[in-house]
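From first to last, the protein sequence lines are chains A and B. Position 149 of the first sequence, counted from 1, bears residue number 149 in the working numbering, the numbering being contiguous throughout. Just add 1000 to the spot in the second sequence (first one is 1) and you have the working numbering.
What the hints contain is simulated information worked out from the structure, not anything from laboratory work. Cβ atoms here follow ideal geometry from the backbone N, Cα and C, with glycine treated the same way. Misleading hints may appear alongside valid ones.
[Stated by the list, open to error] Within a straight-line C-alpha distance of at most 35 Å, the following computed DSBU-like cross-link-like pairs (lysine-lysine) qualify:
no.	chain 1	residue 1	chain 2	residue 2
1	A	Lys26	A	Lys228
2	B	Lys1108	B	Lys1007
3	B	Lys1212	B	Lys1037
4	A	Lys87	B	Lys1037
5	B	Lys1007	A	Lys26
6	A	Lys228	A	Lys165
7	A	Lys165	A	Lys215
8	A	Lys132	B	Lys1037
9	A	Lys189	B	Lys1037
10	A	Lys228	B	Lys1076
11	B	Lys1037	A	Lys228
12	A	Lys203	A	Lys37
13	B	Lys1037	A	Lys128
14	A	Lys215	B	Lys1211
15	A	Lys100	B	Lys1037
[Stated by the list, open to error] Have a look at the derived ranges for each label pair, beta carbon to beta carbon:
no.	chain 1	residue 1	chain 2	residue 2	range
16	A	Lys153	B	Ser1138	47 to 57 Å
17	A	His105	B	Ser1138	17 to 27 Å
18	B	Ile1058	A	Asn44	34 to 44 Å
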Amino acid sequence: MNGNELVKLIDTTLCTACRGCQVACKQWNVLPGLRTKQTGTYQNPPDLQWNTWTLIRFQEYEDKDKNFTWIFRKDGCMHCTDAACVKVCPSGALYYTPMKTVGVHREKCIGCKECISACPFDIPRYDKATEKVYKCDLCYSRLQENLPPACVKSCPTGALTIGPKDEMIKKAYAKVEKLGGDANVYGDKFVNGTHVIYVLQFKPEVYEELAVDPKVPTSAFIWKDLLKPLSLLAAGGVVGGSLLHYFIHGPHRPHPEHMDQDNKKQGGV
Amino acid sequence: MKKELVKVTSLYERFVHWLMAISCLLLCYTGLGMMYKELNVLGVIFGGVGGLKTVHDITAVVFAVGLVLAILMWWKEAGIFVFPEDWEWIKAAGGYLWHLDHVPETGKYNPGQKMFFLTVALFGLLMIGTGFFMWFPSYLPANLVDWIYPLHVFGFVVIFAFFFVHLYLGTIGNPGSVSAMISGYMEKPVLRMLHPKWYKEMEHEGTLIVKK
């Protein structure tokens, strides 16, 4: 797998919500489990956390005809090709790996939280104790050794698979065709393609906490591509202009009229 | 010959000026080190990029204090334009862009200085406001947080560029003016050139303090 552009496919229609992936993720990445409260759902913990990089979201869904479905969706980093988090990260802590996934150099993270608001999928989480941000890195350490990510390895139903990009996208579309109805592939069409894609049974807007139109925020372009270079350009222009002024126009110097009478006699400046 | 010196600033004024100047420059330094990955190396003296953030946060508090003191101290003198005399000065660009025999006379602060004060005051408040929410983003609705970053950088674009104008006009662009912020005294001819009306007012009111 090393060096190839990889895509992880999450086929939500095959997921049984065993949550083996959630546990395997914690195990491989040595992430503690924190005590939570029963809130009337199997979804636990209630949301992604600094120590929970992937989470099965449980959703009870009834369509117009009162057909009930219990939706299970594995949430986690989508590993965007145009990742807003990498764009705004000031320290290079978030970066593109050679496999085009989004890795984290934790030691470089300064805990500025800029990635948190930029991420269109609401993935990065901040830990107050270490003052750093955490998220899934698609088990980069495993990928480098030609091993599948821990979640994929643990999945007993084949809902999670990983492989070369083209192959996986083809596989996803084949499945969608087989499913018919509202089924669709989610992930290959925005932010220049994500490296985690879904086969969804229903339209994206049905799913809780799933962005319908994810994109790098406009504010990030204004910030990073316009104002950031402008700051040095403007300052450079002023410095250049000042020097030009100094040599062409010259500095302000007092005229004889500004001198006192006794100073005038001596010629002044 | 030794020139006559006139007292133009108090110790307190100079203290507030340098409190703001030093904190502002440190904020520019640490901010640039964080904004440009290529300048992350500026963090070396603070133990890394994380050090830049720590220093930036602490310095911001000092700057905020300095800014409040500066606004309280200077807004009456430098925050309000007086017409028509300030307008005459603006039309003449203060005599800086083309040669004039006579630059229109203004009060203690000319409109250029007032513009700089107002820019620092307003954009400084913008920097503190946006900076606060950059520090504590969870206090703001998520869809607004995205916009505080470009606003903060916009403030930097304006302040950083205007700083160099201030630096130039306060030093080599107006020889003899920099001592106002060091010793607090200016040579009489320079003062009479730059602030003729204020000089006459002080002379008239008998508040002129001259050191020979």
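Earlier hints that do not hold, by number: 1, 3, 5, 14, 16
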